[in-house]
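**Student:** Sequence:
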Amino acid sequence: MKHYPIPCGKKMIGLNIPDGVSVQWVQSHGMAPVPDVKSAVEDALHHPIHSAQLRDLVKPGQTVALIVTDITRQLPEETIVPLLLEELKQGGIRKEDITAIVATGTHRPNTPEELREKFGKIVDEISFINHNSYNKEELVSLGTTKSGIPLLFNRTVAQADIRISTGVIETHLFAGYSGGVKSIAVGVAGDETIAATHNYQMLQQTRLGVIEENEFRKFLTEATHRLGLHFIVNVVQTGKKEVVKVVAGDPVEAFHEGVKAARQLFEVDIREPGEIVVSGVSHPKSLDLYQATRAGNVVVFGSQSVVTKGGVILIPAPCEDGCGHPGYCDIMKKAQDVDDIIAISREEGFAPGEQKALILARILKQARIVMTDCLLPEETLKELYLESVPTLQDGLDRELRKNPKARVVLIPDGLLTLPIVKR
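Read in numbering that gives the first Met the number 0, the sequence shown has 163 at position 164, and its numbers run on one by one without any break.
There could be a bad hint or two in this list.
[Said to hold, decoys possible] Below are the DSSO-like pairs computed for lysine-lysine, each with C-alpha atoms no more than 27 Å apart in a straight line: (1) K364 x K404; (2) K37 x K120; (3) K58 x K94; (4) K381 x K9; (5) K421 x K1; (6) K259 x K421; (7) K364 x K401; (8) K145 x K217; (9) K88 x K120.
Just so you know, the hints here were simulated from the structure itself, not pulled from any lab data.
Based on the provided sequences and hints, a complete structural model is requested.
**Tutor:** The structure is reproduced here in structure tokens:
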């Protein structure tokens, strides 16, 4: 019997697998974390990529929109934001001229308590506001892209003289890798803009880890060029949230430099797909089903599926906050079957957040999804075409009883690791 540790929210689950079972352990490559995060951020700010230092980009009297991540992204912004404020101070910017906009996209607003926990005492020094993609009064239109996508953005962001964003570079279904200009082109965009880009047509043209010839990223670049983003600070970090790289400067060039490190960290070659795939989820992505099921994305949406057709994906996540965005749940509950979900997406489209229904349907066409250690009622999961078992061990044991010769692929960090099947 072999023992494997798999993340499940804030805890680790011990998974026992009998000897003789084919197991591939797919873990992101080890990279040494930076010795000191503050020093690494300071160094990045003092040596920006393809950009002047931030203090030299601003002028006294200018207003600054600082686009920061919401609670679904865990990165050291309690360190990054104060250092950005110091740079702005050196450039003559007053704190009262700075507004931090939480880039929620279509996520719920963050509470004052959550913001204080994430950003620290800096929430008392500058203004923090949650972006609201649905409130038309808080949005401004900048026309459309060349392909006709409406460009609606947060009014405070659009009207600022200077726009700066923080972010984390990790695998992303539509963008290939998150970070760079995504926080502004999606994080503070209107719901119509997000809906027009998170749909069936766009999903057909994107893959995890692919940023070249990626239609979604082309949109991000065009949209951001229209609005203007002056400076970014992005981090690359391990599944344990240890920072291994900090990049700052030009939104495109600094991002590409960060992606180089991200590829080294996240992309892992594997021999072959498996009939059973375990994809772990750590906190905070484990808080709701919307985020937790992203652990299925790396299994199916890489350059080649890691799970065989008709196989199973086991996802351990408590989902304390429930389903997350309600829209996708409503669609899946009303649909006649998985094919119906795909047809609705193709023919009618979905509102922001509802695209999760399409993503899950696409995964379910390849393999079953079994949630384990999950607090959601079994009946609720069944309505979403998902199965459930009490524990991850129960789920694995059940699947091995069905298919004793099944090959098992274990991905401890199912949101950051990108398995690449050797061709």
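**Student:** Next step is simple, just say for each hint if it's right about the structure.
**Tutor:** Going through the hints against the structure:
no. : hint        : verdict
1   : K364 x K404 : 22 Å, holds
2   : K37 x K120  : 16 Å, holds
3   : K58 x K94   : 13 Å, holds
4   : K381 x K9   : 25 Å, holds
5   : K421 x K1   : 25 Å, holds
6   : K259 x K421 : 20 Å, holds
7   : K364 x K401 : 20 Å, holds
8   : K145 x K217 : 11 Å, holds
9   : K88 x K120  : 17 Å, holds
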